[in-house]
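Going line by line, the protein sequences match chains A and B. For the first sequence, my numbering begins at 117 and goes up steadily by one. For the second sequence, my numbering begins at 30 and goes up steadily by one.
It should be emphasised that the hints constitute simulated quantities derived from the structure, not laboratory data. Watch out, some of these pointers could steer you wrong.
Stated by the list, open to error - Simulated pairs of lysine-lysine, DSBU-like, Cα-Cα distance not exceeding 30 angstroms:
{"hint": "1", "chain 1": "B", "residue 1": "K183", "chain 2": "B", "residue 2": "K171"}
{"hint": "2", "chain 1": "A", "residue 1": "K345", "chain 2": "B", "residue 2": "K294"}
{"hint": "3", "chain 1": "B", "residue 1": "K294", "chain 2": "A", "residue 2": "K336"}
{"hint": "4", "chain 1": "B", "residue 1": "K277", "chain 2": "A", "residue 2": "K336"}
{"hint": "5", "chain 1": "B", "residue 1": "K295", "chain 2": "A", "residue 2": "K336"}
{"hint": "6", "chain 1": "A", "residue 1": "K167", "chain 2": "A", "residue 2": "K182"}
{"hint": "7", "chain 1": "A", "residue 1": "K313", "chain 2": "A", "residue 2": "K167"}
{"hint": "8", "chain 1": "B", "residue 1": "K70", "chain 2": "B", "residue 2": "K146"}
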Amino acid sequence: MSVSNSEHIVTSYEDELTDLARAISEMGGMVEAAISAAINALLKLDHETAKQIIAADKAVDEMQRKIDETAVSMIARRQPMAADLRMIISSVHVANDLERIGDMAKSIARRTLQIDGNKLAPQFYNGVRHMTDLILNQIKDALDSFANRDTAAAIAVCERDDEVDALYMSLFRELLTYMMEDPRNITQCTNLLFCGKSLERTGDHATNIAEAAYYLETGKNLPVILEEKAQQKS
Amino acid sequence: MNDSTTITPPSEAASVQPVFEGAGSRPKMTGQNVNVFYGEKQALFDVNLEIEANQVTSLIGPSGCGKSTFLRSLNRMNDTIDICRVTGNILLDGQDIYDRSIDVVELRARVGMVFQKPNPFPKSIFENVAYGPRIHGMVQNKTDLDEIVTSSLKRAGLYEEVKDRFAEPGTSLSGGQQQRLCIARAIATKPEVLLMDEPCSALDPIATAIIEELIDELRENFTIIIVTHSMQQAARVSQKTAFFHLGKLIEEGATDEIFTNPRDKKTQDYITGRIG
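Next up, chain A with everything else stripped away, as it sits in the complex (with noise of 0.2 angstroms):
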């Protein structure tokens, strides 16, 4: 069962799950400004960016902190059931998700600063370029189905995550490549390689949160969904 459009009688209680979903979202852009941001200061090396990114992801790990204290406290008092239980419950999933995020926007900031520019040769940048579109728009994605509880487009997220594997394990190839080709690009090489690591794990999260708005959703779990179905196709 969907979650009801019927507002509850308690009118308290419905603007605590308003204030939860708006908690999500803000903390959803919050998310995917610092990981874009990270991307864009490691593509210019901008190293007063990337120390930007590290030091605001103090406010993500506290909007996680204030998002599990609301969810706790609502079931101690609320008692959800149902469609509010989910919503509860799927928020602390997609708010531990969303913070793993910041953890990588952070993450290959710290790379960022230790990349030298210098002995950096531009084709290095490749892979990482071609990830970023598709690990933006998977997060956006990801939070908007949460948001419109849209199960399509949780089911597209999830998808898309082999592409996101696939493109990860071109970069590897492609970086090992330059590795072998020239032992002093291994430093480098190595810092890039972490930054591609950071975002296809971005990219799981992101398939977290789209399995999150479908459980919101269905109360049903998609991987299993999903592996129902490759079964029924084989």
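Assemble chain B onto chain A, guided by the hints.
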């Protein structure tokens, strides 16, 4: 059934499909197309519900939804209301309890009831529990009676608290103890089914927790059907939940499923506090 009821032929009754998916063994009780009228007013509409043996089934819904009416029809408590008329079938182990051949007193010994407000008889603690077995001729001598009273009080989790005060009036006990005394009284006649109508609504949280723990233990030996306004209580104690609204059974299923992912919007709205 009495004169004013409609009897469905057994062959037709047997063809009614089970409505609870996953119900394996034969249900302990079954309601088939149950309609209940109070005079001209219809209180229940075509209710089909299977009650599994040794499970706790919760009946939930807003006031006036028909859940207590359905509960009371399961041991013909509605017979005491002159204007009440029941149609359809209610089966206990496959036998229609409204059949003419059914002895209502014997039926109520098999399908016991615990009421909302603890209502011990104005008698001693011992006599409260001994009364049922005695009038049903279940005991031959004092030793048998002592045995039944003691075991019933133990099963109801009250024995240790009252073993030295059997002669004191039942009404001298606390509210929670009185309700457990009523449960001991209900199980003393060795019923197969126990109907509970809001058994904890007059109790504090500790007494409620003790009764809930007791319900969980009792289901090993009894089939329990509980009407409750507390959805948290339904979620805690039952394995199956049925939601009634305006006299209709809207949805029934595994309690876990009803409280996390109900199928019907009315169920969702009720359990999340969106309709009164």
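Going down the list of hints, with the structure as the test:
1. Among the hinted pairs, B:K183 with B:K171 is consistent with the structure: their alpha-carbon atoms are about 18 angstroms apart, no more than 30 angstroms.
2. Only pairs whose Cα atoms come within 30 angstroms are accepted, and A:K345 paired with B:K294 is accepted, the gap being roughly 27 angstroms.
3. Proximity of B:K294 to A:K336 is assessed by CA-CA distance (about 17 angstroms); at most 30 angstroms being required, the pair is judged to hold.
4. For the proposed pair B:K277 and A:K336, the alpha carbon gap of about 27 angstroms is at most 30 angstroms, so the pair holds.
5. Annotation: proposed proximity of B:K295 to A:K336 holds, straight-line Cα distance about 20 angstroms (limit 30 angstroms).
6. Restraint check: the Cα-Cα separation between A:K167 and A:K182 comes to about 24 angstroms, which is no more than 30 angstroms; the hinted pair holds.
7. Taken as a hint, the A:K313 and A:K167 pair is honoured in the structure, with Cα atoms around 20 angstroms apart against an allowance of 30 angstroms.
8. About 27 angstroms separates the Cα atoms of B:K70 and B:K146, which keeps this hinted pair within 30 angstroms; it holds.
Figure legend: structure checked against the earlier numbered hints; every hint is met.
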